[in-house]
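Undergrad: In order, the protein sequence lines correspond to chains A and S. Counting from 1, one number per residue, gives the positions in the first sequence under our numbering. Counting from 1, one number per residue, gives the positions in the second sequence under our numbering.
Hints listed in this document are in silico derivations from the structure and should not be mistaken for laboratory results. Everything numeric in this text was worked out from a predicted model, so none of it was measured. Incorrect hints may have been included.
What the hints assert, rightly or not - List of simulated lysine-lysine pairs, DSS-like, C-alpha gap at most 30 Å:
{"id": "1", "chain 1": "S", "residue 1": "Lys392", "chain 2": "S", "residue 2": "Lys626"}
{"id": "2", "chain 1": "A", "residue 1": "Lys454", "chain 2": "A", "residue 2": "Lys371"}
{"id": "3", "chain 1": "S", "residue 1": "Lys606", "chain 2": "S", "residue 2": "Lys593"}
{"id": "4", "chain 1": "S", "residue 1": "Lys392", "chain 2": "S", "residue 2": "Lys598"}
{"id": "5", "chain 1": "S", "residue 1": "Lys598", "chain 2": "S", "residue 2": "Lys587"}
{"id": "6", "chain 1": "A", "residue 1": "Lys371", "chain 2": "S", "residue 2": "Lys33"}
{"id": "7", "chain 1": "S", "residue 1": "Lys626", "chain 2": "A", "residue 2": "Lys160"}
{"id": "8", "chain 1": "A", "residue 1": "Lys454", "chain 2": "S", "residue 2": "Lys33"}
{"id": "9", "chain 1": "S", "residue 1": "Lys392", "chain 2": "A", "residue 2": "Lys371"}
{"id": "10", "chain 1": "S", "residue 1": "Lys587", "chain 2": "S", "residue 2": "Lys393"}
{"id": "11", "chain 1": "S", "residue 1": "Lys622", "chain 2": "S", "residue 2": "Lys606"}
{"id": "12", "chain 1": "S", "residue 1": "Lys622", "chain 2": "S", "residue 2": "Lys593"}
What the hints assert, rightly or not - Computed list of chain S residues with no C-beta within reach of chain A, every gap over 12 Å:
{"id": "13", "residue": "Ile53"}
{"id": "14", "residue": "Leu197"}
{"id": "15", "residue": "Leu199"}
{"id": "16", "residue": "Phe200"}
{"id": "17", "residue": "Val499"}
{"id": "18", "residue": "Arg630"}
Don't be surprised by glycine CBs; every beta carbon is placed ideally from N, CA and C.
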Amino acid sequence: MNHLLSILLVLPVLGALTTALLPRGEDRLAKGVGLFFSGLAFLVSLPLATAFEAGRAGMQFEERHAWIDRFGIGYHVGVDGLSVWLVLLATFLTPLCIWGAWRAIDHRSREFVVSMLLLETGMIGALVALDLVLFFTFWEVMLVPMALIIGIWGSEQRVKAAIKFFLYTMVGSALMLAAIVYLAVVHYQVTKGTLSFDLADLDRVVLPPDVQALCFWAFVASFAIKVPLFPVHTWLPDAHTQAPTPGSVILAGVLLKLGTYGFIRFAMPLFPGAAAEAAQLLAILAIVGIVYGALVAYAQSDVKRLVAYSSVSHMGFVVLGIVGMTTQGLTGATYQSLAHGLTTGALFLCIGVLYERRHTRALDAFGGVAKVMPIFTAVFMIAMLGSAGLPGLVGFVGEFLIMVGTFSGSAHVLNDPPLLVLVAATGVILGAVYLLHMFQRVMFGPITHPENEKLRDLSLREQLVFAPILALIVLMGVYPKPFLETIDPSAQALAAHFTHKRCASVALARSGASRAALADDFAEACTDPMAVIRAVYGDERAPQVSGFGPAPRQEGPRAP
Amino acid sequence: MNAVPTQDLLWIILAPLCGAIFNLVFGRLAMRKLPDRTAREVVHLVAISAVAIACFLSFSVWWDVMVEGGVRRLVQTVYPWIFSGETMIGFDLLLDPLSAVMILVVTGVGLLIHIFSVGYMAHDPDYHRYFAYLNLFMASMLILVLGKSLLVTFVGWEGVGLCSYLLIGFWFSDEAKASAGRKAFVMNRIGDFGFILGLFALYTVVHSLDVDAIAAVAARGAQSPLVTTALWGVPVATVATLLLFLGCTGKSAQIPLYTWLPDAMAGPTPVSALIHAATMVTAGVYLIVRLNFVFALAPLTMAIVAVVGGVTALFAATIGITQFDIKKVLAYSTVSQLGYMFLAAGMGAWVAAIFHLMTHAFFKACLFLGSGSVIEACHHNQDIRTMGGLRKKMPITAGTFFISCLAIAGIFPFAGFFSKDEILVGAYTYASEWSPLINYLGWGLGTVAAACTAFYMFRLYYLTFEGSFRGDEHTWTHHVAEYPIMWVPLVILAFLATVAGFLGWPHALGEVTGLHLPHVLERWLEPVTATSARFAGPYYVGLRDGGFAHDGHVTVGAEMGFMGVSLGVAVVFWLWARRLYGDGFSKEAEAWKARLGKLYEASLHKYWVDELYDAVVVRPFKFLAKLCYRFFDALVVDGVGVGGTAGLVGWLGDVVRVFHNGNVRRYLLALLVGVGLVLATVYGNPTVSSLEPSAVHRVQSRPDLGGLRTTLGAEPYRIEIGFGSWKKVIDLGPAAPGAAGGER
């Protein structure tokens with residue numbers, strides 16, 4: 001059982017090797033093998049859900065081996081509540097994508113399947129890696145197959161989009177690599193001779209403020225591009241629009257989540273002092289992204305671009321939840337990641353269905369489709385409503401937790417969180433505006449193009465691809481308990497850890513030392529971490545900053 | 001309390017939900033595979049029995065447990081829904097006197113309208129979809145009403161909004177109808193934005209969204225943290241209630257978010273009766289009364305609610321006078337009547353608000369169904385200019401419609417008389433932040449609106465049912481008729497519209513007539529309003545000084561006076577409407593039209609509010625969206641930012657390309673030089689090539705060096721870059737204390 005994650009990492013590679021050995025031109029066979037291996041990987045990953053011990057915060061299914069011992073690089077994998085569902089999301093979506101692309105991908109199927117499977121390994125690896133070099137390796141491994149999928153099987157402008165995607169993300173990761181190495185060296189110094197890239201080891205290091213900020217932003221550069229956070233989002237619409245349907249689904253479904261996951265797992269806990277300082281800026285960027293993404297989505301005439309911009313808007317919520325560093329916010333952010341993966345994945349699949357039939361993505365080319373495709377209408381509508389965050393569907397749970405956490409509990413890092421949430425909540429209105437606009441343009445009204453009169457409704461295969469996604473969209477909205485009870489303890493632990501380590505960071509800065517130290521050194525000083533933090537940031541400022549304060553007493557004459 | 005079958009509560013919701021799921025999943029199959037008649041029978045039998053079960057359960061729980069058993073509160077814990085950290089939102093249901101009134105009205109009226117729909121939708125190809133949505137609506141509405149946590153209420157709140165969207169745009173092939181649905185959803189979402197933010201504000205103080213928990217905190221009155229904590233300098237209670245009220249204006253079609261309701265008439269008429277008259281649109285009133293103890297702590301909000309309600313009541317009524325679409329008149333009438341309810345709620349007359357909610361549900365559902373009957377008979381024509389004289393062929397519809405007109409106009413002894421009177425008396429006599437100014441204003445607006453109501457309702461009645469038919473001959477001979485399945489619900493509703501008023505028999509009438517009936521509704525709702533009734537000082541709710549208060553009641557004389565005025569006004573305007581429209585459009589009516597001139601125009605064009613919103617909100621929004629995309633995203637971020645970076649990289653590439661000219665010998669030379677440099681670096685400075693303790697030790701011996709410099713070594717450091725004659729030196733300075741890294 002303890003090798004589960006390793007098996008999960010090897011299976012897709014094995015599948016990729018098998019597929020690569022198939023003779024050229026055996027398209028169906030290649031896709032079949034791909035489906036088999038990804039399906040197998042999904043089945044193998046199921047114990048992650050069933051055997052995962054709810055209510056425990058630490059890592060589970062952990063596995064550790066020496067890898068490059070000389071540099072302290074280890075093979076260390078494990079999952080906790082914050083990552084386990086994302087791993088399952090990856091294993092869940094990959095076979096559906098391959099199956100969903102059964103007809104859409106009609107050339108070089110073998111290479112396509114190989115790319116998809118390698119991509120799956122990359123994604124899972126990045127999610128389970130607990131060693132920074134291992135993480136970085138998988139992080140980069142993901143990049144290549146994704147760029148290939150966009151560049152080979154994409155639409156007209158595919159090569160340009162692939163290059164843009166590749167360069168954008170490369171810039172970020174280069175900076176992150178530098179920070180990783182730096183952190184390891186500092187760890188080597190403060191521990192007086194232990195070289196390690198293990199997350200747990202490096203997490204003990206507290207950096208002095210300036211370098212901490214540098215390292216934090218180096219990590220953020222990489223993650224923010226991946227999310228993508230405004231204003232480094234412009235690769236996304238191109239990549240999404242040009243990518244083939246399965247590429248878009250995986251990109252939106254899992255790849256973007258790695259950005260926010262990186263924030264949660266690495267950037268925030270490793271550099272809590274800098275993260276707290278930067279929280280306001282990041283929150284504002286996130287909120288700008290929410291509103292801006294929604295506005296721009298509304299202006300699109302290409303359905304796929306519209307959904308791509310909606311991702312910018314939705315992921316803004318996730319970032320907002322993270323930077324507030326509250327338990328609810330972190331739980332909500334993780335949940336919203338899953339929600340966005342399912343709903344946006346479903347939306348891209350829906351667009352794929354339309355594209356397969358009409359070979360266009362222009363809003364103008366449709367209208368009245370609901371009349372001829374009733375089953376598809378129901379599917380599209382549920383996906384759309386889930387994306388709009390309708391209560392009772394998956395999107396609402398995360399949005400609510402993010403906003404309630406930020407509104408009520410994030411004053412320790414943010415200024416006037418109620419105001420921030422107020423602006424963010426306009427995204428709820430705008431979401432309805434652009435999604436309903438899209439839905440009406442495509443599905444309602446009279447049929448204006450004769451081509452649309454003969455559109456086939458969903459085939460059995462397509463219905464079966466959609467069924468599990470839709471089931472989850474509803475189930476996770478109505479009964480989120482099994483998910484929340486695994487996510488919540490990890491989120492609580494992380495929020496507490498963040499505060500403690502932030503206290504250590506503040507204490508370090510206050511002590512006047514210019515060198516890094518170990519967090520444990522401040523254990524005594526930080527028995528009440530919030531008190532230390534407040535002492536530095538000023539107690540009296542707090543009420544105004546949080547937006548809340550004592551009210552003036554009111555003595556009215558209303559009594560009879 | 002032991003023998004209470006609490007699981008019944010959940011089944012009240014689950015029954016219509018199951019009906020909806022059945023028709024969504026199997027309805028299409030049935031419609032395709034079975035013969036048409038059988039399929040329709042299967043579909044509506046499932047849908048109707050689902051609602052009938054909910055209705056039966058509601059009545060049995062209410063009667064057995066609440067009335068007979070004397071239990072006033074029933075709580076059912078279903079499961080923990082959303083939780084994280086200290087946040088815990090349970091999917092819990094609460095049946096108390098308030099939600100009991102609501103579920104009885106909702107399931108009762110809902111059942112009648114389901115039955116009516118069988119006739120109205122008899123030939124629609126999407127029969128199954130219609131009933132599925134209708135059932136889904138019932139389930140959502142019941143969740144809204146029964147939710148113990150405000151977030152559960154919010155589920156229903158958005159759920160009914162969704163069903164409203166789906167049903168308004170039911171005939172989606174018509175672009176205008178689809179747009180009307182979208183408009184309703186978006187405007188409701190604006191309200192929901194307020195609702196959810198209001199919840200956050202409450203949550204931050206109460207740390208729960210459970211109604212009981214909020215009540216417990218609010219019960220402390222002036223000492224409650226809801227009052228003593230401020231958000232943005234204003235007490236939280238005020239901020240939260242204002243935000244929640246924004247939600248109410250969206251859902252209950254009040255100024256400024258009312259414009260979706262008249263457009264919502266695009267949906268099938270039974271839908272207008274159920275959703276856009278009797279149930280969903282009253283959700284805002286329900287919410288305020290549900291949270292009466294929080295609203296009472298926010299005098300400012302209360303005053304705003306009252307004024308908005310009063311102004312909406314009059315504003316919408318004046319529009320109703322000039323409309324020609326039978327459903328538009330009823331729609332503006334609904335907006336106006338909802339305004340009355342908010343006027344009452346804003347004055348703290350909670351019982352009056354719920355009373356009017358209930359009576360309005362009966363007579364307005366009856367009116368809408370009657371109009372549906374008429375529309376069906378007139379071959380889906382809704383213009384009253386081409387109707388008239390329909391009473392001759394539709395006596396039952398005309399009779400029930402007339403009764404409902406009497407009720408809504410406030411003619412004794414029909415239901416509307418009692419509820420509207422209670423509101424007007426409350427408006428004048430209850431204490432408010434701005435008493436007595438607001439009392440005069442509220443009462444005045446309400447009374448003038450009552451005059452308008454009587455006028456436009458009887459105008460509608462006479463133009464539709466009296467006089468002679470103004471449409472074409474063919475319709476008159478071949479279509480105009482009544483169907484039993486459609487008039488049975490009408491008769492029941494008309495009966496309720498006649499007698500429901502006796503649930504709120506006023507004290508004064510008892511004194512005068514000697515018929516001392518109890519005010520049943522007031523007694524019934526007493527536990528709901530008990531908390532806010534205890535508030536004192538600025539948060540006091542109840543009769544004010546100088547408002548004819550005597551011994552906890554309004555004096556008999558004053559009350560009779562108020563009744564006389566509203567009854568007189570209603571009768572006068574009824575007779576006037578009869579004179580102008582009793583036999584088609586009279587010359588006098590035309591004369592008035594000319595005399596009013598611009599005023600008439602304004603009312604006819606609904607004061608151009610839609611056009612105003614289009615110019616002020618919709619167009620700027622579209623422009624902003626285009627601006628963001630075309631200018632900012634494409635030009636600034638992608639063009640200057642990313643494109644500029646790419647251009648820079650490209651230029652650098654051009655420069656470096658000089659060295660990549662394919663000359664192998666030059667490559668070899670460069671390679672050798674590079675290898676040499678690497679070797680020199682490695683062996684010349686061992687601190688870089690490997691991380692030996694000694695090297696680190698050397699760095700650590702200089703504690704003044706913090707930050708990045710540590711890795712670079714302790715020596716002075718400079719970078720030289722040069723191309724041809726151009727040369728740039730970046731001097732990072734000597735390794736002096738504090739020069740790098742360091743403190744802030």
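Undergrad: Confirm or reject each hint.
TA: For each hint, the structure was consulted:
With a C-alpha separation of about 57 Å, the suggested pairing of S:Lys392 with S:Lys626 is violated against the 30 Å cut-off. Between A:Lys454 and A:Lys371, the direct Cα distance comes to roughly 10 Å. Compliance with the 30 Å bound is thereby established for this hinted pair. For the suggested pair S:Lys606 and S:Lys593, the alpha carbons sit about 15 Å apart, so the restraint of at most 30 Å is met. For a cut-off of 30 Å, the pair hint linking S:Lys392 to S:Lys598 is broken: about 37 Å separates their Cα positions.
At roughly 19 Å between alpha-carbon atoms, S:Lys598 and S:Lys587 fall within 30 Å of each other, so this suggested pair holds. For the given pair, A:Lys371 sits about 19 Å from S:Lys33 by alpha-carbon distance, which is consistent with the 30 Å threshold. Proposed proximity of S:Lys626 and A:Lys160 is supported: the alpha carbons are some 24 Å apart, at most 30 Å. Proximity of A:Lys454 to S:Lys33 is assessed by CA-CA distance (about 21 Å); at most 30 Å being required, the pair is judged to hold.
About 40 Å separates the Cα atoms of S:Lys392 and A:Lys371, which puts this hinted pair outside 30 Å; it is violated. With a C-alpha separation of about 27 Å, the suggested pairing of S:Lys587 with S:Lys393 holds against the 30 Å cut-off. This hinted pair checks out: S:Lys622 and S:Lys606 have alpha carbons roughly 24 Å apart, not beyond 30 Å. Restraint check: the Cα-Cα separation between S:Lys622 and S:Lys593 comes to about 38 Å, which exceeds 30 Å; the hinted pair is violated.
The claim that S:Ile53 is not at the interface with chain A holds, since no C-beta of that chain comes within 12 Å of its own (minimum 21 Å). With a least CB separation of 6 Å from chain A, S:Leu197 falls inside the 12 Å interface cut-off, contrary to its annotation. With a least beta-carbon separation of about 8 Å from chain A, S:Leu199 fails to lie farther than 12 Å from that chain, contradicting its non-interface assignment. Distance check on S:Phe200: its Cβ comes as close as 4 Å (rounded) to a Cβ of chain A, failing to clear the 12 Å threshold; non-interface status is violated.
Listed as outside the interface, S:Val499 is consistent with that label: its C-beta sits roughly 34 Å from the nearest C-beta of chain A, beyond the 12 Å cut-off. For S:Arg630, the shortest C-beta to C-beta distance to chain A comes to about 7 Å, within the 12 Å cut-off, and the non-interface label is violated.
In the structure shown, a violation is registered for the earlier hints numbered 1, 4, 9, 12, 14, 15, 16, 18, in ascending order.
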